[in-house]
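Residue numbers (my numbering), protein chains in the order written: chain D, 1 to 72; chain S, 1 to 491.
These are computed hints drawn from the structure, not numbers from a lab. For clarity, every value in this text was computed on a predicted model and none was experimentally measured. It is possible that some hints are incorrect.
As a list, the in silico DSSO-like pairs of lysine-lysine whose alpha-carbon atoms are at most 27 Å apart [unchecked claim]:
#	chain 1	residue 1	chain 2	residue 2
1	S	Lys376	D	Lys2
2	S	Lys376	S	Lys213
3	S	Lys307	D	Lys9
4	S	Lys376	S	Lys363
5	S	Lys366	S	Lys376
6	S	Lys314	S	Lys213
7	D	Lys9	S	Lys311
Now the in silico label distances, taken between C-beta atoms and shown as ranges [as the list claims (entries may be wrong)]:
#	chain 1	residue 1	chain 2	residue 2	range
8	D	Ile47	S	Gly266	40 to 48 Å
9	D	Phe28	S	Gln252	38 to 46 Å
10	S	Ile150	D	Ile10	45 to 53 Å
11	D	Ile36	S	Leu124	18 to 26 Å
12	S	Ile131	D	Ile36	22 to 30 Å
13	D	Ile36	S	Tyr418	48 to 56 Å
14	D	Phe28	S	Ala268	38 to 46 Å
15	D	Tyr31	S	Ala232	24 to 32 Å
16	S	Phe117	D	Ile10	32 to 40 Å
17	S	Val412	D	Thr3	30 to 38 Å
18	D	Ile47	S	Leu415	20 to 28 Å
19	S	Ala392	D	Tyr50	37 to 45 Å
20	S	Ile324	D	Ala44	46 to 54 Å
21	S	Gly433	D	Ile10	18 to 26 Å
All C-beta atoms, glycine included, are put in the ideal place defined by N, C-alpha and C.
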Amino acid sequence: MKTRRILSKIVGLIQTAIGGLTMFFAFFLFYNLFNIQVVLGFSAEGIGLYLWAFIIFGLLSVISGLILFYEQ
Amino acid sequence: MDEPHLKRELGLIRATMLGIGGTLSAGNFVIIGYAASLAGYAIVPVVFTCGIISLLTMFSYAELGTAIPLAGGEYTFSKVAYGGFISFLTGWFEWLSNMFYAALSSIGFAYVLSYIFPQISIPLVAVVVVIIFAFINLRGMKETGTAEVIITAIVLAVLGIFVIGGWSYIQGTPPPSSSSSPVGLIGILAATAYLFELYLGAEAVAAAQAEIKNPGRNIPLAIIISAVVLIALYTSVVFIAVGIVPPDLLSQQASPIAFVAEQAMGPAGGILVTIGLAIAGLAATNEAIMAQSHVLYAMSRDGYMPKALCKVHKRFSTPYVAIIVCAIFTVIFAATGFVNFVVYAVNMGFIIGFSIVNFSVIKLRKIAPHLKRPFKAPLYPLTPIAGIAASALLVLFIEPSVLILGLELGIVALLVYYIRMVGHHRIRIAFGGISLGLGGFFAFVAYLLGTNSIVLHGVSQEVATLVFYVLLFVSIIQVLAGILNLIASDR
């Protein structure tokens with residue numbers, strides 16, 4: 001039981017970090033900070049879709065990760 | 001911050017200054033430039049109209065403030081009128097609006113400062129300001145009330161000098177045409193939606209209503225006097241601005257009012273206005289950081305947010321976790337340096353908040369007709385309905401990307417609320433399934449990439465390999481998270 005709880009904490013933390021980084025990435029991508037759209041070859045037309053997908057994925061990951069991390 | 005018993009110490013003048021001071025942010029005097037490009041000379045009636053729309057809702061604030069004179073403002077009103085998810089949603093958007101407002105104030109400060117130091121980095125200065133004030137709030141500020149009154153008086157004096165100096169300058173020149181607008185009615189409405197933010201902050205009186213003496217008299221008077229003073233002040237500032245500098249030239253300035261002051265009163269005028277607005281920017285940033293952390297603290301105390309957010313620092317007696325969380329989010333938005341996005345985000349949050357306050361007035365008149373109301377909104381139900389209708393109209397002119405953000409934040413609010421309020425187990429199962437699905441999807445994409453079934457154009461082989469391993473790692477974590485959530489015991 002204790003091992004599962006530790007594993008939940010670790011996985012939850014990583015999943016939250018992945019989600020958070022994805023949302024940061026979406027933010028950077030949308031505002032083309034550091035010319036990221038060109039560097040990674042994203043087409044300007046599809047940015048809205050990418051943004052939507054990244055934010056939804058990020059949010060789901062953060063929430064799922066936090067649930068795991070804070071499990072009783 | 002162990003739930004101190006709040007003393008009623010604020011008289012009419014201090015309460016009014018609180019309403020005026022909460023509104024005078026440096027950002028407000030920066031966004032006038034862009035609004036001038038939308039509405040042209042019609043910016044003068046636009047600013048006046050925004051004030052009238054705001055005044056409609058201020059009547060509702062005054063009625064609720066006297067009927068329910070407890071701390072918390074709109075969050076408290078909606079809790080009494082609706083409770084449940086609506087009050088959570090109100091607190092949620094109140095927090096976010098203050099967060100965006102703090103970002104806007106810090107960016108506005110940076111823009112104003114750039115008038116004297118053009119080489120500064122706007123995002124960097126904005127971020128540094130937020131971090132400094134987060135630290136100040138962490139340590140706690142005992143004399144903020146008096147400082148706020150002094151700062152408001154200084155800013156009012158500077159703007160008074162600007163109006164008088166500008167008025168003397170434009171004497172003898174023909175008044176600007178108030179009917180011309182470069183993009184017609186749509187431009188005027190867009191400018192109204194954009195400038196709605198100008199009058200936000202006057203509701204600070206409602207937030208502090210538990211500390212106001214003789215609330216039945218002073219709360220409505222303070223709210224209405226501050227709204228009327230602000231309408232007169234902003235309208236005259238904008239009238240002077242477009243009377244001296246044409247709107248198209250005004251829209252090109254980083255700090256439009258300082259530029260106008262320099263034209264009318266020379267370099268000293270520009271510097272004086274810059275200093276005044278910079279002080280206003282710092283004060284508004286501080287106030288917004290403090291306000292958002294208090295909202296988060298209150299929501300956490302009421303069980304709507306994680307308990308960690310209502311932890312109080314042993315030495316400084318401040319809600320330090322809430323302040324740190326607020327500062328992190330504010331820094332993210334301040335780092336963009338994008339004024340327009342943040343302005344629309346502030347407007348969106350407050351439009352939702354204002355609508356809920358107007359709905360609360362109507363609801364409470366129905367469900368609690370005998371509630372003691374020392375002040376009643378005049379021309380009821382026309383005033384709250386007009387406030388709601390105006391808010392609904394303004395939403396149509398908010399930037400689409402901000403509306404999408406608002407929708408997403410609303411969805412997050414719904415999720416957070418149900419995670420807090422509904423049984424955890426069902427939600428864990430749902431998220432377990434979602435995580436497994438995401439894990440499977442990423443594993444599939446990694447497989448396609450690994451077998452060269454899909455190719456990343458314009459990306460080197462090393463980067464493609466890195467992407468493959470990242471996708472593999474993400475899919476493993478998602479699958480593990482899914483399994484752990486699914487096998488969690490039902491407690």
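Now the hints, each set against the structure:
Using a Cα cut-off of 27 Å, the hinted pair Lys376 of chain S and Lys2 of chain D is violated, with the two alpha carbons roughly 60 Å apart. With a CA separation close to 19 Å, the supplied pair Lys376 of chain S and Lys213 of chain S stays within the 27 Å bound. A C-alpha spacing of about 18 Å is found between Lys307 of chain S and Lys9 of chain D, which places the hinted pair at or below 27 Å, so the restraint holds. Restraint check for Lys376 of chain S and Lys363 of chain S: satisfied, since their Cα atoms lie roughly 14 Å apart, inside the 27 Å limit.
For the proposed pair Lys366 of chain S and Lys376 of chain S, the alpha carbon gap of about 14 Å is at most 27 Å, so the pair holds. Of the supplied pair hints, the one linking Lys314 of chain S and Lys213 of chain S is violated, its CA atoms being roughly 30 Å apart against a limit of 27 Å. Of the supplied pair hints, the one linking Lys9 of chain D and Lys311 of chain S holds, its CA atoms being roughly 22 Å apart against a limit of 27 Å. At about 46 Å, the beta-carbon gap between Ile47 of chain D and Gly266 of chain S stays in the expected band of 40 to 48 Å.
Separation of Phe28 of chain D from Gln252 of chain S is about 28 Å and departs from the stated range, judged on CB atoms against 38 to 46 Å. A hinted range of 45 to 53 Å holds for the C-beta pair Ile150 of chain S and Ile10 of chain D, which are about 51 Å apart. Separation of Ile36 of chain D from Leu124 of chain S is about 19 Å and conforms to the stated range, judged on CB atoms against 18 to 26 Å. In this structure the hint that Ile131 of chain S and Ile36 of chain D lie 22 to 30 Å apart at CB holds, the actual value being about 25 Å.
Hint check: Ile36 of chain D to Tyr418 of chain S, Cβ distance near 34 Å, so the stated range 48 to 56 Å is violated. The supplied range of 38 to 46 Å is met by Phe28 of chain D and Ala268 of chain S, whose beta-carbon atoms lie about 42 Å from each other. Checking the proposed 24 to 32 Å range against Tyr31 of chain D and Ala232 of chain S shows it is violated: the Cβ atoms sit about 38 Å from each other. Separation of Phe117 of chain S from Ile10 of chain D is about 47 Å and departs from the stated range, judged on CB atoms against 32 to 40 Å.
Taking the beta carbon of each, Val412 of chain S and Thr3 of chain D are about 32 Å apart, inside 30 to 38 Å as hinted. Against the hinted window of 20 to 28 Å, the Cβ-Cβ separation of Ile47 of chain D and Leu415 of chain S comes to about 25 Å, which satisfies the hint. Checked against the hint of 37 to 45 Å, the pair Ala392 of chain S and Tyr50 of chain D fails, with Cβ atoms roughly 31 Å apart. Between Ile324 of chain S and Ala44 of chain D, the C-beta spacing of about 36 Å breaks the proposed range 46 to 54 Å.
The hinted range of 18 to 26 Å is satisfied by Gly433 of chain S and Ile10 of chain D, whose Cβ atoms lie roughly 21 Å apart.
Checked against the numbered hints above, the structure breaks hints 1, 6, 9, 13, 15, 16, 19, 20 and satisfies the rest.
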